[in-house]
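Line order of the protein sequences matches chains Z and G.
Sequential numbering of the first sequence, starting at 7, is according to my numbering.
Sequential numbering of the second sequence, starting at 5, is according to my numbering.
Note that these hints are calculated values from the structure, not bench results.
Every residue, glycine too, gets a C-beta built ideally from N, C-alpha and C.
Just to be clear, a hint being listed does not mean it is correct.
Simulated DEER-style distance windows between Cβ atoms [to be verified]:
1. Z/L471 - G/L161: 35 to 41 Å
2. Z/G503 - G/D35: 20 to 26 Å
3. G/D40 - Z/R401: 53 to 59 Å
4. G/A169 - Z/L274: 45 to 51 Å
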Amino acid sequence: MLVRPDKRDGAIIGYFLGRICLVVAAASVLPVAWAALAREWAPFSSFTLMAGVFFLFGAAGTALRPGQSRLDWSHGMVVVALTWLIVPLIGSIPFALSGHFADPLDAMFDAMSGLTTTGLSVLQDLDHVASSLNFWRHLLHFLGGQGIVIAALSLFAGGGGLTLYYGEARDERIFPSVTSTARFIWLVSLAHLVFGVALLAIVGVVAVGLDPLRSVFHGLMVFFAGFDTGGFAPQSTSLGYYHSAWYEAAAAVLMIAGAMSFGLHFALWRRRRAQAMRNLETRTIVATFLGTLTLVIFGLATLGLYTGIPGLTRQGLFHVLSAHTGTGFATIPSVEMATWTGLAFGGVAVAMALGGMASSTAGGVKSLRIGLTLKVLRDQVRQVLLPERAVVSRRYHQGGLRTLTPDLAQAVLVVSLLYVALYLFGAGVGIAYGASLQSALFESVSAGANVGLSVGITDPTMPVLLQVTYMTQMWLGRLEFVAVFALFGFVVSLVRGK
Amino acid sequence: MKRLLALVGVVMGLAAPAWAGEVSVGVLLSDGAAFDRQTVTVEGELVGDFLRRGEWVWVQLNGDSYADTPAPAGGGLTGSNAGIAVRFGTDAFDAAGFDRPGGYGIRGPIVRVSGEWRYHDEERGGESYLAVDSFEVMAREVRFEEEMRWVVFLAGLGAAALGAAILLVTRIASGDEDAGSRGAPS
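Take these sequences, add in the hints, and give me the full structure.
So, in structure tokens, the structure goes:
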């Protein structure tokens with residue numbers, strides 16, 4: 007029997023949502039200040055409204071003050087799922103008022119894409135967009151990539167931290183306390199922020215030819231989008247804008263860092279390189295990266311799109327890296343990406359679908375699940391081939407020796423299958439609207455795995471239902487299903503419970 | 005003599021890239037291979053940054069409707085930007101005396117450029133761009149401004165003030181509750 011949630015449940019959820027909204031309201035002060043400094047008064051007024059609404063929601067939520075403020079598992083999941091709807095909804099206000107979007111749904115699409123670090127965009131006339139609005143687009147990547155809830159946990163300890171942390175699709179605690187883990191994640195991110203912006207700014211001046219101030223601006227934007235594996239870019243031609251292999255290499259360093267789990271960052275931080283390299287996840291991602299890279303380079307050579315080794319390797323390497331890390335930067339226009347057929351298409355699509363490491367800013371199925379799935383399959387085959395009494399080892403390395411239990415294997419397979427279903431569902435909707443199987447599958451995987459590479463289906467003129475489908479895919483893919491299913495369960499209990 | 009001139013003409017014709025005429029940026033983006041190593045003429049707005057690298061200046065040239073009127077300046081929304089890379093010789097570029105490229109608050113200079121379209125140029129790791137031989141400035145930069153939206157701004161301040169009031173009332177109420185519970189017999 008379903009139990010209908012009562013007022014106390016609503017108060018707990020509202021209270022924690024309110025606290026998170028207050029944190030986002032504080033972050034909203036940054037674009038307000040940016041717009042004021044840049045004397046961009048129209049965006050300034052929009053950002054003031056957004057910050058005010060976040061603050062109002064935050065205050066109203068925290069006013070609920072439930073007597074018992076500890077979150078249980080279901081409350082935490084619902085809070086996370088709702089957070090990832092409310093923040094893009096309110097965060098889309100400056101977009102909707104900017105005059106760069108045809109309607110509020112388009113604005114919401116970009117806000118959802120930004121927050122989920124997807125990078126697909128229906129923004130029009132990006133090359134004339136205000137710098138503060140560009141900053142907000144990329145800051146959404148940073149907030150989403152690091153995790154809004156992580157941000158909240160870093161600032162306030164207290165009940166419910168663990169369930170919120172897991173709800174945001176993070177399953178790795180580096181320190182015993184979730185708050186300490188959240189603070190470590192922010193420490194790593196801020197260290198990379200300083201290093202990444204400095205690196206990009208220097209390369210921007212020396213190799214690209216940017217003015218120093220503009221170079222810092224571009225560096226900051228590309229850092230947010232690269233390290234958080236987002237994919238937005240300050241100009242409409244993405245990373246092709248810079249015409250520089252050096253700049254692409256600098257961005258690639260950040261993309262790789264972003265796709266690494268924070269556990270791996272911690273191991274490298276502590277100089278435990280051997281342990282990091284022994285991890286199942288590290289080995290899996292290296293293998294799948296090399297495999298998809300081979301496919302793409304062979305495919306591009308077959309298509310004859312690039313006639314020499316420099317073009318094949320640079321374009322192939324960059325786009326496979328962009329796809330596998332879930333970043334979505336491109337150096338070619340989407341119409342050209344659509345001409346990557348056959349093996350080249352297969353390689354990029356598979357790289358996007360697999361994604362980066364668990365507990366990183368990347369999306370997709372994640373390498374740990376791929377590695378464990380392959381281990382389950384291998385163990386099954388070995389069990390069949392070996393004598394009946396033989397015992398097959400179920401252990402694997404991941405930050406130490408662990409055992410692959412039947413429950414874990416089942417969870418891994420279920421989530422992996424859910425991702426496949428998500429990709430196929432989006433592709434089906436795309437095909438229903440007249441896209442070819444290849445294009446529909448490519449765009450759907452890009453949305454569901456939070457990548458952002460596009461073959462041109464994502465466009466301001468795209469059908470509303472397809473747009474909503476991609477937004478739902480971004481949301482589900484980013485939260486890895488569980489929190490969203492918990493929200494659906496909560497709503498069903500609200501309607502049908504007794 | 006005429007035969008000699010004709011021969012020189014034929015040799016030059018063989019040596020020089022074929023002239024494909026005026027094309028749009030959209031056509032170069034969608035069918036770039038068809039114009040590879042051909043001389044094309046394109047018109048559009050210079051946007052973003054002037055990337056100065058020694059003897060060359062790289063700029064993005066947009067050939068979309070926003071080159072007439074950018075969206076923030078009241079131009080209608082007609083889709084995403086359509087831009088290609090163009091490479092100018094620094095001396096010629098500087099002689100044109102451009103002030104700023106297009107961006108927020110500026111409709112950039114409109115130029116008509118002619119040069120060789122290099123599609124997936126292997127010497128540049130597979131990049132596509134237009135190597136400009138000659139260009140003409142069709143229109144100079146135009147500045148535009150977006151006004152402060154006072155209603156939106158005041159609505160934001162109002163929301164923030166309301167939020168602050170709620171927080172204040174909540175804090176006072178919780179203070180009363182705490183005081184009450186402290187005074188209550190245990």
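Q) Is the distance from the Cβ of Z/L471 to the Cβ of G/L161 consistent with 35 to 41 Å? A) Check passed, 38 Å falls within 35 to 41 Å.
Q: State, for the Cβ atoms of G/A169 and Z/L274, whether the hinted interval 45 to 51 Å holds or is violated.
A: Holds, since G/A169 and Z/L274 (Cβ atoms, about 48 Å apart) stay within the stated range.
Q. Lying within 20 to 26 Å: is that true of the beta-carbon distance Z/G503 to G/D35?
A. violated (59 Å)
Q) Lying within 53 to 59 Å: is that true of the beta-carbon distance G/D40 to Z/R401? A) holds (56 Å)
Hint compliance for this structure: hint 2 is the single one not met.
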